[in-house]
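Number of protein chains: 2
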Amino acid sequence: MTNDNEASAPLGAGETIETTLNFSPRFGPDGLIPAIVTDLRSGDVLMFAHMNDTALSKTLTTGLAHFWSRSRAKLWMKGEESGNLLRVGEIRTDCDQDVIWLAVNVEGDGVACHTGERSCFYRRLVGGADRPDQTALEIAALPHPRSRD
Amino acid sequence: MTNDNEASAPLGAGETIETTLNFSPRFGPDGLIPAIVTDLRSGDVLMFAHMNDTALSKTLTTGLAHFWSRSRAKLWMKGEESGNLLRVGEIRTDCDQDVIWLAVNVEGDGVACHTGERSCFYRRLVGGADRPDQTALEIAALPHPRSRD
Chain G
8 MTNDNEASAP
18 LGAGETIETT
28 LNFSPRFGPD
38 GLIPAIVTDL
48 RSGDVLMFAH
58 MNDTALSKTL
68 TTGLAHFWSR
78 SRAKLWMKGE
88 ESGNLLRVGE
98 IRTDCDQDVI
108 WLAVNVEGDG
118 VACHTGERSC
128 FYRRLVGGAD
138 RPDQTALEIA
148 ALPHPRSRD
Chain L
8 MTNDNEASAP
18 LGAGETIETT
28 LNFSPRFGPD
38 GLIPAIVTDL
48 RSGDVLMFAH
58 MNDTALSKTL
68 TTGLAHFWSR
78 SRAKLWMKGE
88 ESGNLLRVGE
98 IRTDCDQDVI
108 WLAVNVEGDG
118 VACHTGERSC
128 FYRRLVGGAD
138 RPDQTALEIA
148 ALPHPRSRD
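Going down the list, the sequences are from chains G and L.
Going by the numbering used here, the first sequence opens with residue 8, and the numbers climb by one from there.
Going by the numbering used here, the second sequence opens with residue 8, and the numbers climb by one from there.
If we strip away everything but chain G, and leave its shape as in the complex, we get:
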């Protein structure tokens, strides 16, 4: 998705942010880039967080996912306390290079959410309501039926 920030690395002649093979992550005005985390095997979305430049660099260096905690205003290695580290299998970026996608294996207990659920997305919307305030949730633990494992 487009935002108003400049690319953080120069583009070559004739290149655009969509075509370049230079990794030029575009951090937002707050210095953060959103990161989607999926399970490498099942493809299920496990969590969503943000990275600053240091978190991204540490993720690349160590192969373990690091984020910037907005609530605690600190760098954070996911699983540093629980042991549920996220070992990165693949990193992608999107057309505009303002989103990061990490496909990971969850170490330890295989739990990615602070609630103890495997994924943060353990509730789905139900019902035919046409307004958010008329919509309910139900617990629907992943893996999703489409998952392989």
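If you are wondering where the hints come from, they were derived from the structure by calculation, not from laboratory data.
The structure presented is a predicted model; accordingly, all values stated were derived computationally and were not measured.
Backbone N, C-alpha and C fix where the C-beta goes; we use that ideal spot for every residue, glycine too.
Hints may be right or wrong, so weigh each one.
Stated by the list, open to error - FRET-style restraints, in silico, Cβ to Cβ:
id: 1; chain 1: L; residue 1: Ala148; chain 2: G; residue 2: Gly123; range: 31 to 41 Å
id: 2; chain 1: G; residue 1: Ala147; chain 2: L; residue 2: Leu18; range: 15 to 25 Å
id: 3; chain 1: L; residue 1: Leu82; chain 2: G; residue 2: Gly90; range: 39 to 49 Å
id: 4; chain 1: G; residue 1: Gly115; chain 2: L; residue 2: Ser89; range: 35 to 45 Å
id: 5; chain 1: G; residue 1: Ser89; chain 2: L; residue 2: Thr68; range: 36 to 46 Å
id: 6; chain 1: G; residue 1: Glu88; chain 2: L; residue 2: Asp116; range: 39 to 49 Å
id: 7; chain 1: G; residue 1: Ala147; chain 2: L; residue 2: Met84; range: 22 to 32 Å
id: 8; chain 1: L; residue 1: Thr122; chain 2: G; residue 2: Ile146; range: 31 to 41 Å
id: 9; chain 1: L; residue 1: Ser78; chain 2: G; residue 2: Met84; range: 31 to 41 Å
id: 10; chain 1: L; residue 1: Ala20; chain 2: G; residue 2: Arg94; range: 37 to 47 Å
id: 11; chain 1: G; residue 1: Met84; chain 2: L; residue 2: Gly115; range: 35 to 45 Å
As the list claims (entries may be wrong) - Here are a few chain L residues that sit away from chain G, every Cβ distance over 12 Å (derived from the structure):
id: 12; residue: Leu82
id: 13; residue: Glu88
id: 14; residue: Glu114
What the hints assert, rightly or not - A few chain G residues that face chain L, going by a derived Cβ cut-off under 10 Å, partial list only:
id: 15; residue: Asp51
id: 16; residue: Leu132
id: 17; residue: Thr142
id: 18; residue: Leu144
Given chain G, put chain L in place with the hints provided.
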């Protein structure tokens, strides 16, 4: 992930945002909530965008994904020009209810990215570099090898 905004619907006694079965989407200070879009069959991440309250309501009403375009500052039905509409199969929210996950079938040509790629995430990071500015990208079209289809 935690942010500083209040839940948009009241919680029952003893409930938390993590446990409630009331859908209480938490929009950010800019009135937006991030939305991850995956392919309902393969699980691949297709795109990432933002919704305001109206976009979320219209998505629920129509079963077709609507977003708020930050660059154009307008409501946007994905595929309204291309015909590549996103028909929603399932909607989930995360522990803190500040992220939306849409699992969709892409109509039309099956293309979700404005570049013509099926997914916006058509490039992956390569190489052993330990800094973002030493990391290259390569084209690696989805579906991912783990995908079913």
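Outcome for the supplied range 39 to 49 Å, where the beta carbon pair is Glu88(G) and Asp116(L): Because 46 Å falls inside the window, the suggested range holds.
Mind checking the hinted window 35 to 45 Å against the Cβ distance between Gly115(G) and Ser89(L)? 43 Å, holds
Kindly confirm whether 15 to 25 Å is satisfied by the beta carbon distance between Ala147(G) and Leu18(L). 20 Å, holds
Verdict on Leu82(L) as a residue remote from chain G, using beta-carbon distances over 12 Å: Consistent with the label, Leu82(L) stays out of reach of chain G, its closest Cβ about 14 Å off (over 12 Å).
Would the stated hint for Thr142(G) survive a check requiring a Cβ distance to chain L of less than 10 Å? 4 Å, holds
Range agreement (Cβ of Met84(G) with Cβ of Ser78(L), hint 31 to 41 Å): 33 Å, holds
Is 31 to 41 Å respected by the C-beta to C-beta distance linking Thr122(L) and Ile146(G)? 37 Å, holds
For the range 36 to 46 Å, tell me whether the beta carbons of Ser89(G) and Thr68(L) fit it or not. 40 Å, holds
Should the hint that Leu82(L) and Gly90(G) are 39 to 49 Å apart at their CB atoms be regarded as holding? 44 Å, holds
Closest CB-CB distance from Glu88(L) to chain G, is it above 12 Å? With a cut-off of 12 Å, Glu88(L) remains clear of chain G, as the shortest Cβ separation is near 16 Å.
Would the stated hint for Leu144(G) survive a check requiring a Cβ distance to chain L of less than 10 Å? Interface hint status for Leu144(G): holds (5 Å vs cutoff 10 Å).
Should the interface hint for Leu132(G) be scored as holding, given a Cβ-Cβ cut-off of 10 Å against chain L? 4 Å, holds
Hint compliance for this structure: no hint is broken.
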